[in-house]
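Each chain, written out:
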Amino acid sequence: MAQSNFDRRRINGPEESFPPTFEDDEGEPSSLGWRLGQPRQGRAASDIRPIFLKAGLITQANGSAYIETQRSKIACAVYGPRQSKSTVYSENGRLNVEVKFAPFSCTRRKVPIRDAEDRSVAVQIHQALLPSIRLELLPKSTIDIFITIIENDGIDGCIAAGSVAASTALADAGIEMLGLVIACSACTIGKEIWLDPNNDEAQASSGTLIYASMPALGTVTNVSQNGRLTPDEAIRCMEACQERCIDIHAVVAEALLENAQQS
Amino acid sequence: MAAATTSLSASTSAEDALRAQTFQRLHPKAYLERFLEENIRPDGRELDEWRDVSVHMGSISTADGSALVRLGDTTVVCGVKAEITEPELDSPEEGFIVPNLDLPAICSPKFKPGPPTEEAQVMSDRLNDVLVTAGVVSPSSLCIQPGKAAWVLYIDATCINYDGNAFDATLLAMVAALRNTRLPRARFDEETGRTVCSRKVQEPLQIGRLPIAMTFGIFDGMHVLSDPTSFEEPLLDTVMSVTMDDDGGLVSVTQVGLGVIGKQDILPQCITAAKYRCSILAQQLHTSS
Amino acid sequence: MSSDLVLPGQPIPIPRGPIPQLGTGVYAREGAVRASLTGTPRYEGPVGTRPLPRPPAPNSVVLGSITRLSPLQAVLSITVVDGVPLPAGEEFTGVIRVQDVRATEKDKVKIADCFRGGDVVKGLVISLGDARSYYVTTARNDLGVIFATSEAGATMEPVSWQEMRCPKTGKIEKRKCAKPEGL
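Protein chains in written order, with the UniProt record's numbering: chain V, 1 to 263; chain Y, 1 to 289; chain R, 1 to 183.
Source of the hints: derived by calculation from the structure; they are not laboratory data.
For each residue, glycine too, the CB sits at the ideal point set by N, CA and C.
Hints are not guaranteed to be accurate.
Said to hold, decoys possible - Which chain Y residues face chain R? A few, computed with CB under 10 angstroms, are given here:
1) Glu15
2) Leu18
3) Gln21
4) Thr22
5) Phe23
6) Arg25
7) Ser108
8) Pro109
9) Phe111
10) Ser230
11) Phe231
12) Pro234
13) Leu236
Chain V extracted, bound-state conformation (with noise of 0.2 angstroms):
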């Protein structure tokens, strides 16, 4: 099933492979060692992973951003304003972003075509941004945004720091937006809410919220939620995402200071 296209343009392996089955996981719950119940292993429930950020590493691109939280590894690149393929004129710029997993960034290998996994995960990047870019500026140019996931160490945090990455290479490379736009996630342990969930943790909840906001103006871009959520534990997601993208908002800001002083 791993290999089940067989594609002309690429090199072929066999026709069938499978991914190795462990005989040590047998009878073992959960890889993270943690049972429902307990506090969470590493860091405060309110805590998000450190995170690496710097900007213009893509010398190719106009503007760029490399983010990595732990084992979550991120590159994005920003082209444009280029010139729209569409036939239909537009008054206004047009927002294009397209994500890729590196095949190795998974658990499974990854089969280097584009599936849904990636679309969903480029319209929610997509929703996030697009009110906080001046596309009015751009009659009839295109910004496209390319996302490579290097390493998915869960994709609710994924999207967050992807968004987070976009917008800081959307800065780097001099596209006019409102404000920065900045992302979280977080995900409902028991009655606990823990910030910025990995895999397993994300894995183990009952349901995750990712939370886009520009924070310079105190507006909201996009909230998505995925599983079961009360109303009242939603806010709670939402409230604390709201507060610790003050904190990701200070890092973006460094970061993108550190770059334009060099440049």
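Following the hints, put chains Y and R in place on chain V, whose structure we already have.
Frame of chain V; chains Y and R shown alone:
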């Protein structure tokens, strides 16, 4: 007053830089010619100078082996994923290696989103040839149970920033990722017909020769440029890639275009230059971790 | 200097009084002026740190090379906008329609006598044009062909506003030339 003067000179130098960039954009060939007349390249290198290389291994935990290579600004990240498959009927004791290079739209304005470009297809094919010919990993060492189970190593490289000579950078990244790969000990269970692996016992691959590529370009039938950049690449009339193993033995030579300057064949000259460069890269590959 | 840098969304302090006319890189919302780019705000001119490539807009001076000719128009691949080159691999398509080549005797213009494929042309964007291309004019003395190679492959020199000469063969070729700078 002093401040005013510095800002004035700063703005004129910025204008000069813009004028130079405009000239480069409109007349790339003439721009490169003017540099080469002075025996220097636009990025400040000598004609036979190589860009700095850095190799980082093992930073991607979702891969069984990984490497990040920077060659100047060209950045390639490579990850190895091992899966289990049934060997082919005609070679029951052999596993597989499946190398692929992706040149996605993120790495250069030249590449647009979509299926692999011709360039990426050709390069993946050449990488496959070189890795197989050099015998980096012998297929028989990937056998778990003859006729029943064998490893397949998916060696996927993605270019993040394309500033030319992706072939050299990718081969280096693939070889480094293979050196970094650890496979779990696998056992084929005759009764269940399944292969089970151990998380606790992991072994490195049996690595044979390490192929290393060195690429040269010839501009205007006159100048040999080592390690061309993305600006130089489209202006070259000949591209030569010399692949050697870490002991300096020749693995493969490819030449696209006429390899002649004046009446002299320059291939031997490139091989000599490649040999020297190879010894430096081999050392770097062996010491990096 | 670093403390003067502002980030997108950051308010820019302005003196009391009416809000001045806003340039690039700033916007006003709910009575506050904020930056929309990273850079140093200035009273004269835009917020910005480095010259950024921009898409063409009406009144942009553009440079580009001719890629296609038809009796009705010449197609231009725009690579420099307002003195800032676009990154390699990026370009915008412009069109010089036959009526926009020169200011006089418009009805006698023959595109083939004004441009050839590969010529580098300086033009002025007159409108955003249609979905595909920007409309560009060369109807001014300082606009037109600024660089062309002859049939013999040499760089030609302008001899008049509608002729260029090949230094190799001495042959005259027809072009709509731009008046060289500094003349």
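### Task
Would you settle whether the hint for leucine 18(Y) is holds or violated, based on the nearest Cβ-Cβ distance to chain R being less than 10 angstroms?
holds, 6 angstroms
### Query
Under the criterion of a CB-CB separation shorter than 10 angstroms, is threonine 22(Y) in contact with chain R as hinted?
holds, 5 angstroms
### Query
Regarding the hint that arginine 25(Y) lies at the interface with chain R, is the smallest CB-CB distance below 10 angstroms?
Result: holds, 4 angstroms to nearest chain R Cβ.
### Query
Does phenylalanine 23(Y) pass the interface hint, meaning its C-beta sits closer than 10 angstroms to a C-beta of chain R?
holds, 9 angstroms
### Message
Holds or violated: the hint that phenylalanine 231(Y) contacts chain R, with Cβ atoms closer than 10 angstroms.
### Response
OK, holds: phenylalanine 231(Y) within 10 angstroms of chain R, min 7 angstroms.
### Task
With chain R as the partner, please determine if proline 109(Y) meets the hint condition of a C-beta pair closer than 10 angstroms.
With a minimum Cβ separation of about 3 angstroms from chain R (threshold 10 angstroms), the hint on proline 109(Y) holds.
#### Entry: Hint validity - glutamine 21(Y) Cβ closer than 10 angstroms to any chain R Cβ
holds, 5 angstroms
### Message
Please check whether glutamate 15(Y) passes as an interface residue: C-beta within 10 angstroms of a C-beta belonging to chain R.
### Response
holds, 8 angstroms
### Message
Next item in the hint list is serine 230(Y). Is there a CB on chain R closer than 10 angstroms to its CB?
### Response
holds, 8 angstroms
### Query
When the nearest CB of chain R is found for leucine 236(Y), is that gap smaller than 10 angstroms?
violated, 15 angstroms
### Message
Please check whether serine 108(Y) passes as an interface residue: C-beta within 10 angstroms of a C-beta belonging to chain R.
### Response
holds, 7 angstroms
### Task
Double-check phenylalanine 111(Y) for me: the hint is only fine if its C-beta lies closer than 10 angstroms to a C-beta in chain R.
With a minimum Cβ separation of about 9 angstroms from chain R (threshold 10 angstroms), the hint on phenylalanine 111(Y) holds.
Checked against the numbered hints given earlier, the structure breaks only hint 13 and satisfies all the rest.
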